[in-house]
Amino acid sequence: MIRTAVASDAVVIGKMWEKLVTYHRRIDDDMPQATANGPELYARSLMNRLEDSHTRVLVAEVDGRVVGYVLGVVVDLVPEMFEHEAGGFLADIYVEDAYRGRGIGRALVENLAAWFRTHGVNHFEWHVAASNVEALGFWRALGGRDLMIRMRANIE
Amino acid sequence: MVALWHEKMMLQSQTGSRPALLPDAQNRWAAAVTAWVDDSRCGLLVAEHNQAVVGFIIGCIEDNAPGLAPARIGRIVDLVIDVHSDQSGLGRRLLDPLCAWFKAQEIHEIRVQVSPANPVEQAFWRASGAVEWFDVMWMRI
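Residue numbers (the numbering used here), protein chains in the order written: chain A, 1 to 156; chain B, 1001 to 1141.
These are calculated hints, taken from the structure and not from any lab test.
As the structure is a prediction and not an experimental result, all values here were calculated from the model.
Please note that the accuracy of each hint is not assured.
[As the list claims (entries may be wrong)] Examples of chain A residues toward chain B, derived with CB under 8 Å:
| # | residue |
| --- | --- |
| 1 | L41 |
| 2 | E83 |
| 3 | D146 |
[Said to hold, decoys possible] To spell it out: a stretch of chain A is covered by chain B in this simulated footprint if at least three of its residues, at any positions, have a beta carbon under 8 Å from a beta carbon of chain B; those stretches are:
| # | stretch |
| --- | --- |
| 4 | 71-82 |
| 5 | 107-119 |
Virtual Cβ for every residue (Gly too), placed ideally from N, Cα, C.
The shape of chain A in the complex, shown without the other chains:
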């Protein structure tokens, strides 16, 4: 079952976010590192936006247990020099390891896309770790197309 997140989901979402960050760090040392209180900061930030009409947090429940979530925002991603298109941004998505391969990720994306459409959004963007082969395959299977490559460099 996919449903809108509520305040009592904060802790479990914070923990899933931490797993997402840890997974990224495991496949690539250059991935962002969580601060010591990162999960709490992230969960608090999410919960503060639950009433925000431009933000949607959905969770996937199996047998009463939250096993995945997605965070999306309606946002103007286009600089003012370009034709305006109402757009969405999928900021984070995570499904617990044991529940992958059951269509839960796809269901989260489809439900978020349906919510985007109710806000007049006709496209959305997201970032995928370049080293996350599994996620790239997931997104390409859903019809995701390449837009830009995001690069980083240390300037120590």
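Fit chain B to the known structure of chain A by using the hints.
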């Protein structure tokens, strides 16, 4: 600067990139440059040759996402070189002082977005120490 930026955008649009430029995009970009010049979180450097601007770089300091380190990062807004210029090494000569400015502001990580259809730009950034980090993807719904 406006003409150089517009030429880069027109070249990029030939690769089918999205979204499309507005008819008054150059005026809008000129207004944005004025805002960047006045913004203490942004650095803007130009390269001149024979009193003509042959390239520029713009970088801004931004907050990282909640819960992630470092707290602030440097974003390269634009790096544009006149494709007709015979000045080699211009990109590096623009990037190095911008990085020095970032470091003076306690910024030690920079991020930049490049087009997947622009291998020259990708090669420049790789040669400058950048690594491919995230793919920005999209879909219509």
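Going through the hints against the structure:
1. Below 8 Å, beta-carbon pairs count as interface contacts, and A:L41 has one with chain B at about 4 Å; its hint therefore holds.
2. Interface hint status for A:E83: upheld, as the beta-carbon distance to the closest one in chain B is roughly 5 Å, under 8 Å.
3. Residue-level restraint check for A:D146 holds (minimum Cβ-Cβ distance to chain B is 5 Å; threshold 8 Å).
4. Closer than 8 Å: that is the beta-carbon criterion, and the stretch 71-82 of chain A has 5 residues meeting it against chain B, so the requirement of 3 holds.
5. For the stretch 107-119 of chain A, the assignment as covered by chain B holds, since 3 residues bring a beta-carbon within under 8 Å of that chain's beta-carbons and 3 suffice.
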